[in-house]
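Undergrad: Below are the chains, spelled out letter by letter.
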Amino acid sequence: MDKPASQIRSLRAEALAIGPADVLPWGEVRIPRPPALRLPVAGTGPTVIRVELGLPRPTVTSYRFTPPDPAVPSGDRRAEASIPAADAPPQPSAARRTRIAPPRDVVKLSEKFFYLLQPDLETMLHTGKLEFPRQPFPFQLDGMAFLMPRHSAVLADEMGLGKSMQAISSIRLLVRSGEARRVLVVCPKGLVSNWARELADWAPELVVAVIEGDQPRRRWQWSLEDVPVKLANYEVLVRDRDLVAELGLSFDLVVLDEAQRIKNRSSQTNQAVRSLDRRRSWALTGTPIENSADDLVGLFEFVAPGHLSDRMAPKAMGAAVGDHILRRTKDKVLKDMPPRLNRDERIELTAEQRETYRRAEEEGVLRLADMGREATIQHVFELVLRLKQICNFDTATGESAKLDCLHAELEEVQASGRKALVFSQWVETLGRLEGSLGRFGALQYHGGMSTTARDEAIRRFKHEKKHSVLLLSYGAGAVGLNLQFSQYVFLFDRWWNPAIEDQAINRAHRIGAVGAVTVTRFLSADTIEERIDEVLRKKRDLSETILSQAGEPVPSGLTAEDLFALFRLAPPQHRAAA
Amino acid sequence: MQQAEPGDGAVFGFLTAIESPQHGLFGGYLVVDALGRPLEFHCTAPVKVSRAQQILYGPTLHGHLHGQQIGGALLAESKASPAVVLTDHDAMLHVRPHTKLPVALVRPLDGGEAPAGFAVGAAQVIPHAGDAADDAALRERLTALAIAVDLREPFDRIRAAIEEAQRH
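Chains R and L, in that order, give the protein sequences.
So the first sequence is numbered by this note's numbering: it starts at 192 and just counts up by one.
So the second sequence is numbered by this note's numbering: it starts at 224 and just counts up by one.
Don't take each hint at face value.
[Said to hold, decoys possible] Listed next, the in silico DSBU-like pairs over lysine-lysine satisfying Cα-Cα at most 30 Å (straight line):
1) R/Lys653 to R/Lys526
2) L/Lys302 to R/Lys299
3) L/Lys271 to R/Lys299
Everything labelled a hint here was simulated from the structure, so no lab data went into it.
Using the sequences and the accompanying hints, generate a full structural model.
TA: Right under this line is the structure:
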């Protein structure tokens, strides 16, 4: 059957494609679809590299500090308010900025930041409107920046550099900032009035309670709550140890002046200060090491209990205390301080003195030799004292070559309108000198006098021209007094330890000294005094050795061996061994 | 995070950045009271910029990095409302669009030709262009602060703290 013509016309184009075709019965031709060919015209697309343009936000660590809540009397809150520009003093100079660095034992970063982010000390003093009787020296600001952040600190500046002023100013700043509300200052009895005066000068806004009087009065004084600073002497503290515990007193800061007082760990004084409940412990001393490294261990039992042990080697000890001790010497920090001129006056005993001395020494040495192993350090010590006394005054005739020499020297001092200090280890010697030096208006100052009498002596010596000489005992006069208006110091006899002599000399040679200070050390020729001087001369540098970690320390005081050797005797244990 | 509003003049912000060749860029923001005492401190982890980012951001990199990324992140963390945010870093001025706080540049007063802004103590203060209208108020507040603190000094504290953080 033929396919109609209209159907044939409907052949689709693909039917015309090349290839074997099927002819269907009705005439339609079916041609198979050819395979499609894909030709790669576009090729492979490029690799896309994604560049991160959006910088991620950095992680932020935040610290917040509690705003200070100052505990100053209301009259002093002026600094807290906004200050009208017209009233404002000029800004502190940018030339020097004393920063408060965090102590090395601060571990937490937040605590380090607390110190690092504080304003510099000059700004603090400026903004706190803290007025001082005089502008502190830069090294004193460094001392304050050292003390303020530390809970355990020893300010060991050489005498005369203003340790008490640095401590008081630091206390003042801590009270201002609210970091301290209860402060206890402990000092030797003879220095209480001195401290009270210095506190009034350097921190006039701070109310101070001096703990003194009978027990009911002291109980009341200890209990006072709105008093930021309490001032007590060591003896009172020992006596009131139980009372302080009973009252449950705790202190934000305890400051010990002349802290070498606590070097003996077994002493009641050491135990009393260690028993105080306290957050911060500061010690002030010009002689942290008087005799041996043990002194420092005793001191640190208060400052940082357990920090030192007497088994530590000197260098290890030096490293351990390095961040807790600050020591400056005058020659390092006060380049323009008047010089100290030292003279050793070698004095020949008078003929009578020499004879008395010779007899006493011969008899004494013979007696020691006879005692053999029974001779003790006490026996030797007694002989030394007896010989030294003869060097001062002949016990038989009362003659004194030293007094003759002193007389001549004081003539010159008086003629030039200057003032002189004369030190002796014996109150009896001071009494004899006073009797002989009446024309120089000599006054005495020693521990046998009442505090009032001593204060009066200082006042008269300072203000009355007729008093050219002040006679002091090493015990009472070597510490804490400011006598920088004196240009002459005489050591009538020598103390056992050069550190104590230095303290005595520095009553005059200190900040505020108006001219050179001449120090005359009397030494009786060919006597025990010369021998002691020779021993001490070899031992002067112990403190510096440990504090500078510069090698093995040697004791600077006289040991038992030293004392026996003065008479060419071996100490008992050596003789026993021999 | 909610943006801080300008405060009443008792609190001031100091914003800066430190470049460390080893770690990258650190940002620090210190808020102090009228006596210069610290109230808040914020610091960033270091930000290191790749070479590609340097090229592609071109001259806009520093503004973006200091202003938006570091400055913005630091100010966002603060709860304080300072009267002004001071910076000693030009690029930090770019933080201004990202905060409601006035921002000003602090420069040492070198005695040369007076640039824009005004002198306060030993510093020249150049407010952000957008804050110029508030010059008088800003000047008064900063003069009060400068009685207590040299306006350049808190930046030293920030740098010391960031250096300590790097050692920690």
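Undergrad: Evaluate each hint against the coordinates.
TA: Going down the list of hints, with the structure as the test:
Restraint check for R/Lys653 and R/Lys526: satisfied, since their Cα atoms lie roughly 27 Å apart, inside the 30 Å limit. A threshold of 30 Å between alpha carbons decides the hint, and for L/Lys302 with R/Lys299 the separation of about 23 Å falls inside it, so the pair holds. Restraint check for L/Lys271 and R/Lys299: satisfied, since their Cα atoms lie roughly 26 Å apart, inside the 30 Å limit.
In this structure, none of the earlier numbered hints is contradicted; all agree with it.
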